[in-house]
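*Asks:* With the hints as extra help, turn the sequences into a complete structure.
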Amino acid sequence: MRIMQNSGEPIYQQIADQFKTDILAGKYKQGEYLPSIRGLAKELKISVITTMKAYEQLEAEGLVTAAQGKGFYVNAQDSEMLREQHLRKVEDSLTEAMAAAEIAGMGDRELMEMLETLLSIRKNE
Amino acid sequence: MENNYVIEAHGIWKKYKGFQLDIPELKIPKGFATALIGENGAGKTTLLSIIAGILLQYRGEIRYFDKYTDKDRENIPDVKELMGYTASGSYYVAHWKLKEVEKISSVLFKGFHRERFRQWCREMEVGAAGWDPKQKVSSLSDGNRMKLMIAGVLARDTKLLVMDEPASPLDPVMRDRLCGIIREYLAEDEGQRSIFFSTHNIADMENVTDYAIIMERGKIVEQGFVEDLKEKYLLVKGDAADAEKVRDGLFTCDCGQYGFEGICLSENLDKLAGFQVSTERPSLTQISVAVMKHFSKVAKG
Numbered sequence: 001m002r003i004m005q006n007s008g009e010p011i012y013q014q015i016a017d018q019f020k021t022d023i024l025a026g027k028y029k030q031g032e033y034l035p036s037i038r039g040l041a042k043e044l045k046i047s048v049i050t051t052m053k054a055y056e057q058l059e060a061e062g063l064v065t066a067a068q069g070k071g072f073y074v075n076a077q078d079s080e081m082l083r084e085q086h087l088r089k090v091e092d093s094l095t096e097a098m099a100a101a102e103i104a105g106m107g108d109r110e111l112m113e114m115l116e117t118l119l120s121i122r123k124n125e
Numbered sequence: 001m002e003n004n005y006v007i008e009a010h011g012i013w014k015k016y017k018g019f020q021l022d023i024p025e026l027k028i029p030k031g032f033a034t035a036l037i038g039e040n041g042a043g044k045t046t047l048l049s050i051i052a053g054i055l056l057q058y059r060g061e062i063r064y065f066d067k068y069t070d071k072d073r074e075n076i077p078d079v080k081e082l083m084g085y086t087a088s089g090s091y092y093v094a095h096w097k098l099k100e101v102e103k104i105s106s107v108l109f110k111g112f113h114r115e116r117f118r119q120w121c122r123e124m125e126v127g128a129a130g131w132d133p134k135q136k137v138s139s140l141s142d143g144n145r146m147k148l149m150i151a152g153v154l155a156r157d158t159k160l161l162v163m164d165e166p167a168s169p170l171d172p173v174m175r176d177r178l179c180g181i182i183r184e185y186l187a188e189d190e191g192q193r194s195i196f197f198s199t200h201n202i203a204d205m206e207n208v209t210d211y212a213i214i215m216e217r218g219k220i221v222e223q224g225f226v227e228d229l230k231e232k233y234l235l236v237k238g239d240a241a242d243a244e245k246v247r248d249g250l251f252t253c254d255c256g257q258y259g260f261e262g263i264c265l266s267e268n269l270d271k272l273a274g275f276q277v278s279t280e281r282p283s284l285t286q287i288s289v290a291v292m293k294h295f296s297k298v299a300k301g
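Chains as they are written, first to last, in our numbering: chain V, 1 to 125; chain E, 1 to 301.
By construction, these hints were calculated from the structure, which means they are not laboratory data.
Among the hints, erroneous ones may be present.
What the hints assert, rightly or not - Cross-link-like lysine-lysine pairs, in silico, DSSO-like; alpha carbons within 27 Å at most: (1) V:Lys20 - E:Lys232; (2) V:Lys70 - E:Lys27; (3) E:Lys27 - V:Lys45; (4) V:Lys89 - V:Lys29; (5) V:Lys70 - V:Lys29; (6) E:Lys271 - E:Lys300; (7) V:Lys45 - E:Lys30; (8) E:Lys293 - E:Lys232; (9) E:Lys67 - E:Lys99; (10) E:Lys232 - V:Lys45; (11) V:Lys70 - E:Lys159.
*Replies:* This is how it looks when you write it as structure tokens:
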């Protein structure tokens with residue numbers, strides 16, 4: 001896990017996002033415990049409260065559950081929800097690409113063509 | 001958020017000539033590192049000495065480990081066994097040699113582990129040799145005396161460390177090590193150990209501060225978990241031309257030739273609507289400085 005101190009994005013957010021990616025990618029199995037809050041704080045050289053806030057955010061998003069005195073374990077990931085999460089990611093990336101295209105003065109057709117080209121390249125690989 | 005406390009105090013009051021400590025309520029969360037922040041003379045050392053049981057003349061009640069009263073602290077050895085205190089100067093007698101420090105510590109505290117004490121002295125390099133039983137306390141620099149006190153508390157099985165300005169006399173490398181030591185201490189017994197320390201070096205200690213208490217002239221003026229404080233306050237920057245107009249909506253404001261910078265309560269952000277401002281999450285240092293400035297201005301009228 002990589003934490004950037006001066007990226008402008010809050011550290012708890014960076015931690016939550018990286019766990020989220022790992023959980024959605026299946027790197028943490030259902031029922032598996034995340035590292036202990038204070039153990040992770042020690043490893044990442046950050047405060048306990050920052051780690052705790054990251055875990056609480058994951059809990060609020062329904063990805064993990066807090067077990068009294070035992071830490072946080074990973075919930076069963078609903079496949080519908082998983083797909084929803086991935087779709088949102090695709091949407092975000094495409095929106096970002098559209099914004100960049102606008103700055104570059106690309107027309108809609110040109111943008112579509114580029115996407116089609118990229119898709120066909122991947123198909124041929 | 002866990003809501004149990006390692007220290008709960010009520011009505012703490014102490015008066016000196018020209019100074020009054022007045023703390024209606026103090027709660028130190030269990031399982032976290034709490035920083036006590038404030039200007040010189042704000043009363044940090046007085047408060048820590050009262051908590052540690054060094055200063056015995058005061059009014060008020062203190063509850064330790066959700067179990068013991070401050071009377072128990074003087075009568076039941078367990079309370080002091082569970083607490084480690086480091087002073088801002090040095091509490092070891094200057095002509096003692098390290099072996100005497102070790103011997104007297106093991107007489108005072110039954111949970112003092114001699115070998116662990118030596119290991120910490122070696123690891124932190126107290127003095128040139130790390131561990132030289134014949135070295136005198138008086139021959140140690142301020143930084144090394146602080147390391148010696150830290151080694152003294154780490155050599156014991158405690159649940160709470162009370163540290164008065166532990167970072168101040170240390171060099172940058174050792175300050176970094178101190179932060180590591182604090183995290184290791186907390187992680188070794190998940191949720192059961194707590195630290196309460198005062199500091200002027202907020203930036204150096206920020207990544208190890210969970211809860212912050214800010215004092216001004218003997219009173220607590222702000223406190224909270226750092227992540228909550230960073231949402232309560234916002235760092236705002238804008239054009240110099242707007243500085244006068246936004247000043248009332250801000251908590252503190254510094255204006256220069258090229259623009260203004262200030263701290264604003266997040267709930268007051270709407271007062272800045274219509275102005276070209278950018279906002280940022282403030283650091284604990286920025287919040288602390290703003291709070292101290294704000295309240296010392298309030299006190300002066």
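*Asks:* Evaluate each hint against the coordinates.
*Replies:* Hints, one by one, checked against the model:
Our distance criterion of 27 Å between C-alpha atoms is met by Lys20 (chain V) and Lys232 (chain E), whose separation comes to about 26 Å. With a C-alpha separation of about 24 Å, the suggested pairing of Lys70 (chain V) with Lys27 (chain E) holds against the 27 Å cut-off. Our distance criterion of 27 Å between C-alpha atoms is met by Lys27 (chain E) and Lys45 (chain V), whose separation comes to about 25 Å. Taking the CA atoms of Lys89 (chain V) and Lys29 (chain V), the gap is near 21 Å; set against the 27 Å cutoff, the hint holds.
Under the criterion of a C-alpha separation no larger than 27 Å, the hint pairing Lys70 (chain V) with Lys29 (chain V) is consistent with the structure, at around 17 Å. Using a Cα cut-off of 27 Å, the hinted pair Lys271 (chain E) and Lys300 (chain E) holds, with the two alpha carbons roughly 26 Å apart. For the suggested pair Lys45 (chain V) and Lys30 (chain E), the alpha carbons sit about 20 Å apart, so the restraint of at most 27 Å is met. Restraint check for Lys293 (chain E) and Lys232 (chain E): satisfied, since their Cα atoms lie roughly 17 Å apart, inside the 27 Å limit.
With a CA separation close to 35 Å, the supplied pair Lys67 (chain E) and Lys99 (chain E) exceeds the 27 Å bound. Between Lys232 (chain E) and Lys45 (chain V) the CA atoms are separated by roughly 24 Å; this keeps the pair inside 27 Å, and the hint holds. Proposed proximity of Lys70 (chain V) and Lys159 (chain E) is supported: the alpha carbons are some 19 Å apart, at most 27 Å.
The structure fails hint 9 only (numbered hints given earlier).
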